[in-house]
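First to last, the sequence lines map onto chains A and B.
Each number in the working numbering comes from the position in the first sequence (counting from 1) with 3 added on.
Each number in the working numbering comes from the position in the second sequence (counting from 1) with 74 added on.
In case anyone wonders, no lab produced these hints; they're calculated from the structure.
Note that the Cβ used here is the ideal one computed from N, Cα and C, for glycine as well.
Check before you lean on any hint, since a few could be wrong.
If you want a taste of the chain B side facing chain A, the calculated C-beta under 8 Å gives, among others [claimed, not checked]:
#1 Gly-119
#2 Asp-120
#3 Tyr-144
Chain A side only, calculated, beta carbon under 10 Å to chain B, not exhaustive [unchecked claim]:
#4 Pro-348
#5 His-351
#6 Thr-355
#7 Asp-359
#8 Asn-362
#9 Ser-367
Straight-line C-alpha distance at most 30 Å; calculated DSS-like pairs for lysine-lysine [unchecked claim]:
#10 Lys-317(A) - Lys-146(A)
#11 Lys-416(A) - Lys-137(B)
#12 Lys-183(A) - Lys-43(A)
#13 Lys-238(A) - Lys-157(A)
#14 Lys-141(B) - Lys-317(A)
#15 Lys-80(A) - Lys-144(A)
#16 Lys-238(A) - Lys-88(A)
#17 Lys-43(A) - Lys-9(A)
#18 Lys-238(A) - Lys-144(A)
#19 Lys-416(A) - Lys-80(B)
#20 Lys-416(A) - Lys-138(B)
#21 Lys-77(A) - Lys-238(A)
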Amino acid sequence: MVDWTKIRSDFPALERTINGRPVVYLDSACMALKPRQVIKAMNEYYEQYPACGGRSIHKFGEEASNAYTAARGKFAKFLNAADEKECIWTRNATESLNIVASAINLPKDSKILTTSLEHHSGSLPFVERARRDGLSIEVIKAKSDGTFDIEQWKDAIDSKTSLISVVHSSNVTGTIAPMKEIVEIAHDRGALVMSDDAQYAPHHPLNVQELDVDFSAISVHKMCGPTGMGVLYGKSEHLESMNMCFYGGDTVSDVRFENGVILPEYLPPPEKFEAGLQNYAGAIGAGAAAEYLQAIGMHEIEKHERSLLDVVLKRLCDMEHIQIIGTDNITIKTGLVTFLVDTVPSAHDVATFLNDELNVMVRSGWHCVGPFHYQLGIDPKKGTVRASFYLYNNRSDVDTFLSGLEALIEASK
Amino acid sequence: MTGLPKNAQCVLKILENVESLTTTEILGIASTDNYADLCTDCAGGDTFIAAANQLVQMGLITKKFGKGGYRWQLVRD
Chain A
4 MVDWTKIRSD
14 FPALERTING
24 RPVVYLDSAC
34 MALKPRQVIK
44 AMNEYYEQYP
54 ACGGRSIHKF
64 GEEASNAYTA
74 ARGKFAKFLN
84 AADEKECIWT
94 RNATESLNIV
104 ASAINLPKDS
114 KILTTSLEHH
124 SGSLPFVERA
134 RRDGLSIEVI
144 KAKSDGTFDI
154 EQWKDAIDSK
164 TSLISVVHSS
174 NVTGTIAPMK
184 EIVEIAHDRG
194 ALVMSDDAQY
204 APHHPLNVQE
214 LDVDFSAISV
224 HKMCGPTGMG
234 VLYGKSEHLE
244 SMNMCFYGGD
254 TVSDVRFENG
264 VILPEYLPPP
274 EKFEAGLQNY
284 AGAIGAGAAA
294 EYLQAIGMHE
304 IEKHERSLLD
314 VVLKRLCDME
324 HIQIIGTDNI
334 TIKTGLVTFL
344 VDTVPSAHDV
354 ATFLNDELNV
364 MVRSGWHCVG
374 PFHYQLGIDP
384 KKGTVRASFY
394 LYNNRSDVDT
404 FLSGLEALIE
414 ASK
Chain B
75 MTGLPKNAQC
85 VLKILENVES
95 LTTTEILGIA
105 STDNYADLCT
115 DCAGGDTFIA
125 AANQLVQMGL
135 ITKKFGKGGY
145 RWQLVRD
């Protein structure tokens, strides 16, 4: 049994009060708060051994190398990757998606498949890749509740499909795509699958081997880790055959100089994709975050979030003037709810009111998912409101949020 | 005004010639061609409204919540 009160006390930001009131943080889908364990691991690097990993032979260098290597191992365990070399450190999920979009070899005349529910980071790199190489790109329309029929995928994935970029858990609707089924269909027809796990990995058990995805993109800042850190998971065979994106220090096994010519020999993954001095503190923090979440248990975290979401959805469904965007079926949903309030046309007003009156921090806007807002006929300028829950939220947060919404509706009628 | 971010300058310019506007009205005006050189985040609107809230903190504009949401108004000398 997890002691959620104790977990909550790991997060120093929640000890703050603003204008005499506690903070109700419901914007974890954008940025998760950081526990002391992660902050401590990063501080240890900066205070005790702030050196280059893999290069310097002194004690600090040795300790940095060991911590950096251990961090990759911790992350590989978190994803259940077959080999830790399948985990590439990046700046964020966006960079991970861009690396695949630009560096994977795809046959001429082939087709890339994506959806209207993708974050701009899951669609635009592939839109631009298709434009660059004259490939075709097809967009599967999500249903208005953010779900897909598996038949849509069976119809769209054909023998010309070379790559599919699909969001595993939507940052707008919270809906979880039927990833295992999509991968099976894709592989059966010779296509690769890039899973955008930016929202899925922090909130659910992610097992890349069981899902059999070819690539997975993760943002560490959404899973209690530091900002500016991400991971690209890729099956070894794909990472080995991909082109490089950046060249330079740490990517080479040798650089000879013969007859006036510089002759590089490049290292295999992961170094092949990690040019230059790395974010050692960030990687160490990422490893600590993965270890922290795993120690609690991803199934437990998923269950906790859904228990809060269940209360929120039931109350919102009963509340007049609220329109929920996305399914209310919590079994296929991450712990977030996106909605409109018909007495307040601008979602930004809802977010501002909740923040000003009750320190309830939610997100408003188009959430970098313009196509889905346009598809639903929602003016992105007016936007939608998103409240997202994580392991440190509790029933009191939920009650404050809901009473804030009731006060807002009353004051805006 | 020139030291302010572009989104904040845009809010001030829009409010210069009116009594008050709602959030939706401001964002609607900001996304017109007249403000194309100043409005850098009208599509999603969140950064734009964050800039407006900072102007409130600076005492340059006010906002008041009521029927339909907030109304924003320039503080005049």
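Here is how each hint holds up against the structure:
With a least beta-carbon distance of about 5 Å to chain A, the hint placing Gly-119(B) at the interface is held under the 8 Å criterion. Interface restraint check: Asp-120(B) against chain A, minimum CB-CB distance 4 Å, threshold 8 Å, status holds. Hint on Tyr-144(B) holds. Least Cβ distance to chain A is approximately 5 Å, under the 8 Å limit. Interface hint at Pro-348(A): satisfied, since its Cβ lies 5 Å from the closest Cβ of chain B, which is below the 10 Å cut-off.
A hinted interface residue such as His-351(A) counts as satisfied when its beta carbon comes closer than 10 Å to some beta carbon of chain B; here the least separation is about 4 Å, so the hint holds. Taking 10 Å as the C-beta contact cut-off toward chain B, the hint placing Thr-355(A) at the interface holds, the least distance being around 6 Å. For Asp-359(A), the suggested interface contact is upheld, since its CB lies about 8 Å from the closest CB of chain B, less than 10 Å. At a threshold of 10 Å, the smallest CB-CB gap from Asn-362(A) to chain B is about 14 Å, leaving the interface hint violated.
Interface hint status for Ser-367(A): upheld, as the beta-carbon distance to the closest one in chain B is roughly 6 Å, under 10 Å. For the proposed pair Lys-317(A) and Lys-146(A), the alpha carbon gap of about 22 Å is at most 30 Å, so the pair holds. At roughly 17 Å between alpha-carbon atoms, Lys-416(A) and Lys-137(B) fall within 30 Å of each other, so this suggested pair holds. Restraint check for Lys-183(A) and Lys-43(A): the C-alpha separation of about 37 Å exceeds 30 Å, so the hint is violated.
A C-alpha spacing of about 24 Å is found between Lys-238(A) and Lys-157(A), which places the hinted pair at or below 30 Å, so the restraint holds. Distance hint between Lys-141(B) and Lys-317(A) is fulfilled; the C-alpha atoms sit about 26 Å from each other, no more than 30 Å. This hinted pair does not check out: Lys-80(A) and Lys-144(A) have alpha carbons roughly 34 Å apart, beyond 30 Å. Between the alpha carbons of Lys-238(A) and Lys-88(A) the distance comes to roughly 9 Å, so the proposed pair stays at or under 30 Å and holds.
Distance restraint check for Lys-43(A) and Lys-9(A): the Cα-Cα separation of roughly 17 Å lies within the 30 Å cut-off, and the hinted pair is therefore satisfied. For the given pair, Lys-238(A) sits about 28 Å from Lys-144(A) by alpha-carbon distance, which is consistent with the 30 Å threshold. Straight-line distance between C-alpha atoms of Lys-416(A) and Lys-80(B) comes to about 33 Å, which puts the hinted pair past the 30 Å bound. A threshold of 30 Å between alpha carbons decides the hint, and for Lys-416(A) with Lys-138(B) the separation of about 14 Å falls inside it, so the pair holds.
Distance restraint check for Lys-77(A) and Lys-238(A): the Cα-Cα separation of roughly 17 Å lies within the 30 Å cut-off, and the hinted pair is therefore satisfied.
Hint compliance for this structure: hints 8, 12, 15, 19 are broken, all remaining hints hold.
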